[in-house]
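Colleague: Below, each chain spelled out in residue letters.
There are 2 protein chains.
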Amino acid sequence: MAVYTQVDDGALEAFLAEYEIGMPRSFKGIAEGVENSNYYLETDQDRFILTLFEKRVDAADLPYFISLKQHLAAKAFPCPRPIPGRDGAALRELCGRPAVIVSFLDGLSPRQPSRPQCRELGAGLARMHLALEDFAMTRANSLGPASFQGLWSGRAKTADELETGLASEIEADLKDIISARTLSAHLPRGTIHADLFPDNAFFLDESFSGIIDFYFACTDALAYDLAICLNAWAFDDAQRASGLQYSYSHGAALISGYDAVRPLSDAERAALPLLCRTAAMRFFLTRLVDWSDTPPDALVKPKNPLEYAQRLRFHRHATGPADYGA
Amino acid sequence: MAVYTQVDDGALEAFLAEYEIGMPRSFKGIAEGVENSNYYLETDQDRFILTLFEKRVDAADLPYFISLKQHLAAKAFPCPRPIPGRDGAALRELCGRPAVIVSFLDGLSPRQPSRPQCRELGAGLARMHLALEDFAMTRANSLGPASFQGLWSGRAKTADELETGLASEIEADLKDIISARTLSAHLPRGTIHADLFPDNAFFLDESFSGIIDFYFACTDALAYDLAICLNAWAFDDAQRASGLQYSYSHGAALISGYDAVRPLSDAERAALPLLCRTAAMRFFLTRLVDWSDTPPDALVKPKNPLEYAQRLRFHRHATGPADYGA
Chain A
3 MAVYTQVDDG ALEAFLAEYE IGMPRSFKGI AEGVENSNYY LETDQDRFIL
53 TLFEKRVDAA DLPYFISLKQ HLAAKAFPCP RPIPGRDGAA LRELCGRPAV
103 IVSFLDGLSP RQPSRPQCRE LGAGLARMHL ALEDFAMTRA NSLGPASFQG
153 LWSGRAKTAD ELETGLASEI EADLKDIISA RTLSAHLPRG TIHADLFPDN
203 AFFLDESFSG IIDFYFACTD ALAYDLAICL NAWAFDDAQR ASGLQYSYSH
253 GAALISGYDA VRPLSDAERA ALPLLCRTAA MRFFLTRLVD WSDTPPDALV
303 KPKNPLEYAQ RLRFHRHATG PADYGA
Chain B
3 MAVYTQVDDG ALEAFLAEYE IGMPRSFKGI AEGVENSNYY LETDQDRFIL
53 TLFEKRVDAA DLPYFISLKQ HLAAKAFPCP RPIPGRDGAA LRELCGRPAV
103 IVSFLDGLSP RQPSRPQCRE LGAGLARMHL ALEDFAMTRA NSLGPASFQG
153 LWSGRAKTAD ELETGLASEI EADLKDIISA RTLSAHLPRG TIHADLFPDN
203 AFFLDESFSG IIDFYFACTD ALAYDLAICL NAWAFDDAQR ASGLQYSYSH
253 GAALISGYDA VRPLSDAERA ALPLLCRTAA MRFFLTRLVD WSDTPPDALV
303 KPKNPLEYAQ RLRFHRHATG PADYGA
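If you read the protein sequences in the order shown, they are chains A and B. With the first sequence counted from 1, adding 2 to any position gets you this note's numbering. With the second sequence counted from 1, adding 2 to any position gets you this note's numbering.
It is possible that some hints are incorrect.
When chains are identical, the list treats them as one kind, so a pair holds in a single copy or across two.
Stated by the list, open to error - Here are the simulated SDA-like cross-link-like pairs (lysine to any residue), alpha carbons at most 25 Å apart as the crow flies:
1. K77 <-> G87
2. K159 <-> Y42
3. K159 <-> S209
4. K57 <-> D261
5. K159 <-> D295
6. K159 <-> C97
7. K177 <-> D89
8. K305 <-> D10
9. K177 <-> E165
10. K159 <-> P100
11. K77 <-> K305
12. K57 <-> Q72
13. K57 <-> A254
14. K57 <-> R113
15. K305 <-> A125
16. K159 <-> A254
17. K77 <-> S28
18. K305 <-> D46
19. K159 <-> L93
20. K305 <-> F29
Rather than coming from a laboratory, the hints here were simulated on the basis of the structure. Everything numeric in this text was worked out from a predicted model, so none of it was measured.
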């Protein structure tokens, strides 16, 4: 939650002169997004978000992300629409960084998603998958199972410092996940969001109003996107004292919302426990990396990996899709 | 630049139910304000800013700040207007903190103020002083010269670590400022902003469009507010390599803009060098306190006090108001 790049008056003025979006009336840094600098930009024509891409995003991936949003917007799927400059290019440069202006999306991100919101989100995710069926570009999932050993390597000690015995748990999980990963290779593939946490989804009251932040999007099993959402939306941290609990009713709502728009195959349904376990491992490992790479006295605390160790325990003991409400 | 308090869905919904401002359509943390948490709030009726007051603001002062903005708004002076709830009270509570919703103010804060903007700012400051002439509430300036010895005490070593010999410079300045401080006691007094840096002033193109962030406002010499602005707006850090320079043309524009709306008396003009020196000392000392109280490896770096030591050197050698363009 930060603004890394300060935009000077002259730089902003020169940048906006490349567009036909009117004169600026407001420009405020937004405390959202861990990876990039985001500004609320209002002109006499409309409201926008200006994003400057910081070093954690690979500039070579940006045309993919921009095209993906353009494709969705052209299909009237609610997401930020990249605004082209006068020369037609949406991806530009500002303050020495790649930068883009996108349309402003109405809606609020839920902090404690309700069951109806989970159903709406499932349906929204399925609509996104369908809208991207004919999106031609591809991008490998750089945080898939093939990356797990590299992320884990040298971090067993950190895991055991977080919780005694955690390292051997994780190593057993990694073996299971990596040996089983070909099971999902035959599942329907397509473009997935891969990071659809509640802060990346917008709602107006209980109605889904759109999706933002596509900077982990990639080509993978569609049901894996659903598995990420089950991890992100269907664990109840209201009861954090007794450990995170899977909320069967939230999970079932999410799955049925998805299934109503894009019916899940039996194979996708059967793969859900493994896909959920894989997704939990991905977020456990990246959080563990951030945890061990951040100095202990830093003011910005990384997210605790243990929340995902708790999810892994649930997935490890799941006997089948019925445990998830599928 | 942070959002300290996260507002839960239920808390926001319950809070907005106390108002008649419509249903929320957007809610985003803003990376502005060091002291408080600020959110951009859009409803189906209008745009607003929601502020939660964190511990650095004394809750006992809040009614003063709210009344001051209500007074200004009632006089059509451009500033955030506190929005009352259904019961008429603007100062409420959210997430255990005092909270207020204010109207959204259009405009951009300049990072490198231009000379025309300095003139506009001077005129805007004078308009604010006139609009507050009949504001009945008072608040002592808790960061006036009487506070300086307390802020300085025990920090000579930190000053000398920043720059060898700085501590003795500051001690000589403090003696001068404190012995001369009664000179300004006879100047016209009133309600001052006391923190009118460029990030607290808004412009639309080159035209002044309003003032925000009144949380240092207090009762003091009106010309002291002008002196604070001269420190904040009329030193040129484009040439930072060779030290900060006073920009005579920016300063003269600011003073003449002010004088055109509220003519300065000879006594106010004569007091400007001392008032400027006092203002520079106030910001030097509070920055020095933040500097020595922040751990060296913190991610959020405090502002460097040396920028104000450089201003103090200019003020120390000023021979009269003509050096400022007054």
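Colleague: Hint by hint, which ones does this structure get wrong, listed from lowest number up?
Modeller: 2, 3, 4, 6, 7, 10, 11, 13, 15, 16, 18 and 19
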